Amino acid sequence: MTAVLAKTRTPDAPPVERGEASWRKRDRWWGLVFVSPQLIGMCGFVLLPFAVGLVLAFAQWDGLTQLTWVGFANFQAELADPVFLRSIINTLVLALITVPVGLALSLLIAVALDKLRGRTGYLLLYFAPVMTSSIAISLVWQQILRADGPLNQAFSKVFGIPGPDWLGDPHFVLAAVSIVTIWSSLGLNVIIFLAGLQGINPHVLEAARVDGAGAFRTMMAIRLPLLSPVVFFSTVVAVISSFQTFDVVFVLTKNGGPDNSARTIVYQIYDEGFRHFQFGMASAASIILLVLTLVVTAVQLGLQRRFVHYES
Amino acid sequence: MGRRNRTEGSIKLSGLALHLLLAVGGFLMVAPFLWMMLTSFKSLPQILSNPLGLLPNPWNFSNYADAWNAAPFGLAYWNSIYICVLTVAGTIVTASMAAYAFARIEFKGSKFLFVLFLATQMVPQQVTIVPLYMIFSKLGWVDTHLALIIPAVLCNPFAVFLVRQFIRSLPVELEEAARLDGAGRWRILFSIVMPNIKPGLAALSIVVALGAWNNFFLPLIVLNSENQFTVPLLLSQFTGQYGGINYSVIMAASAISIVPMLIAFLIGNRRILNSMAMSGMGGS
Chain A
1 MTAVLAKTRT PDAPPVERGE ASWRKRDRWW GLVFVSPQLI GMCGFVLLPF AVGLVLAFAQ
61 WDGLTQLTWV GFANFQAELA DPVFLRSIIN TLVLALITVP VGLALSLLIA VALDKLRGRT
121 GYLLLYFAPV MTSSIAISLV WQQILRADGP LNQAFSKVFG IPGPDWLGDP HFVLAAVSIV
181 TIWSSLGLNV IIFLAGLQGI NPHVLEAARV DGAGAFRTMM AIRLPLLSPV VFFSTVVAVI
241 SSFQTFDVVF VLTKNGGPDN SARTIVYQIY DEGFRHFQFG MASAASIILL VLTLVVTAVQ
301 LGLQRRFVHY ES
Chain B
313 MGRRNRTEGS IKLSGLALHL LLAVGGFLMV APFLWMMLTS FKSLPQILSN PLGLLPNPWN
373 FSNYADAWNA APFGLAYWNS IYICVLTVAG TIVTASMAAY AFARIEFKGS KFLFVLFLAT
433 QMVPQQVTIV PLYMIFSKLG WVDTHLALII PAVLCNPFAV FLVRQFIRSL PVELEEAARL
493 DGAGRWRILF SIVMPNIKPG LAALSIVVAL GAWNNFFLPL IVLNSENQFT VPLLLSQFTG
553 QYGGINYSVI MAASAISIVP MLIAFLIGNR RILNSMAMSG MGGS
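Note that the protein sequences, when read in sequence, are chains A and B. Heads up: the first sequence is residues 1 to 312, going by the numbering used here. Heads up: the second sequence is residues 313 to 596, going by the numbering used here.
Just so you know, these hints were derived from the structure itself, not from any lab. It cannot be assumed that every hint is accurate.
As the list claims (entries may be wrong) - Calculated from the model, a selection of chain B residues having no Cβ within reach of chain A, i.e. all distances over 10 Å:
(1) L325
(2) P344
(3) P370
(4) N381
(5) I395
(6) S422
(7) T456
(8) Q477
(9) S503
(10) I509
(11) A514
Said to hold, decoys possible - Heads up, simulated SDA-like pairs for lysine to any residue below, C-alpha to C-alpha not over 20 Å straight-line:
(12) K115(A) / L334(B)
(13) K423(B) / A112(A)
(14) K115(A) / A104(A)
(15) K157(A) / L360(B)
(16) K420(B) / A21(A)
(17) K420(B) / W29(A)
(18) K157(A) / I359(B)
(19) K157(A) / K423(B)
(20) K423(B) / I40(A)
(21) K324(B) / W29(A)
Remember, predicted model here, so these are calculated numbers, not experimental data. We put the beta carbon where it would ideally sit given N, CA and C, even for glycine.
Isolated chain A, as found in the complex (with noise of 0.2 Å):
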């Protein structure tokens, strides 16, 4: 009866929803193994990296002996230590120069390219060093921002006066280590500020040319108002990258500058780590990096309301 029953139904149920089921089942096992392949690589080269350096942040080792626990000695010493001090304070200046500066010079730029022609010209100038190593063109910098290098022979005649020691000097060092790093940074926020630009509804600049704004009340208005959501942006990778500071460093300075004058976390990270097998030191400043990281991008994301515009 069952039997006669389920084969005179069959044919009017719809095939697709006896295949929706069963595909639906599949799909819960499609789902992760589809997934899989970024899985394994996140637990195994981010998270499980990630617990390990928690766990060493209050050990000693130095990969060979006997690993011994010491608490919070690792934390206590980082911050006692003042190079590691220096270290902090030079990648927070090198942040608060590069990140404003940085962007202020693109969206300037990207701003007067907008209407321009020609534009793609100029992009090409402006973006070539983004696509260059930053170790080629580090050396390439630690030529020109040489004592007597040709950077300083300009300077000289053009202001009479000898120009400074930019890496020699550890009162310049983090400028130096400033102008390559902006230099070779304001070609990829260009194009993105660009991009941000060209992508605004032209109907809108349009109503509000036809209500009788000028160019800089646009501009003030409602160009920037749009484009501040791709500026947060930005200002947040900005941010971390900068926090990230490590190649410039390397190849600009020899062992972090005169005095550690240009010495940033990332570089302490390697020394302590990778120069000194301090593994215990190495983690407790990375640790103190990470939340560093975390805190500045919390705050910024708690500015965001205030300051970015979100079209609803």
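With chain A's structure known, arrange chain B on it following the hints.
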């Protein structure tokens, strides 16, 4: 009428001033490259005797031969190229798979996993580098390219996020037609979805390639033998050998590593600029 002419004239003038400013800025951006090229053709005596001279006199090509012979640049190029190619190809496949799952497949824990992916993006590699090195040494990956390729291929949350944006912009109907024809998820992804987001995947490839090519921190930590070095790493060790004394040979070495990238940029500039803009804005 007269007033109108004047405003048009002033617009033209300000346009000219704008071009002038941008040109000066553009010159400053490429000046270091020009200086590198000019210096790379000078002889050491010429640099020392005439530091202000701009043009090489005579043009000296031996610096390039010296640089090329002093370090295995050919091998480093081969290493960089194949690491780059494998990283890009692998990332495209794994990121598309994960992105497709997050965009289209309902499975348990997908929301949680996606948030976790986004969160791990916040952890910079420098923070995990010490334990990461230990993991590499346990796996026997120290001083091999596996340490550069495998983690890059298997862990790129940003790529997953970006491809997910591309897939979400496709109409679902596209896949449903294939489904009714009996195609499974695997075939839908590789023969329907991925071909339809080719421009996006091309853009992602460029971004991933650039990152792999210019990566320095990880190669510096994991590679020890010179024959394993990538181009940036070889270049950074090169100065150690020359002690920063022979500027023109160092500039020739820098040019050897920079010029091919600049030529690639000139050839593919439109595509590269669009890719960087798109990824910089998070795929919108």
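request  = Find the hints from earlier in the document that the structure breaks and name them by number, from lowest to highest.
outcome  = 2, 6, 13, 19 and 21
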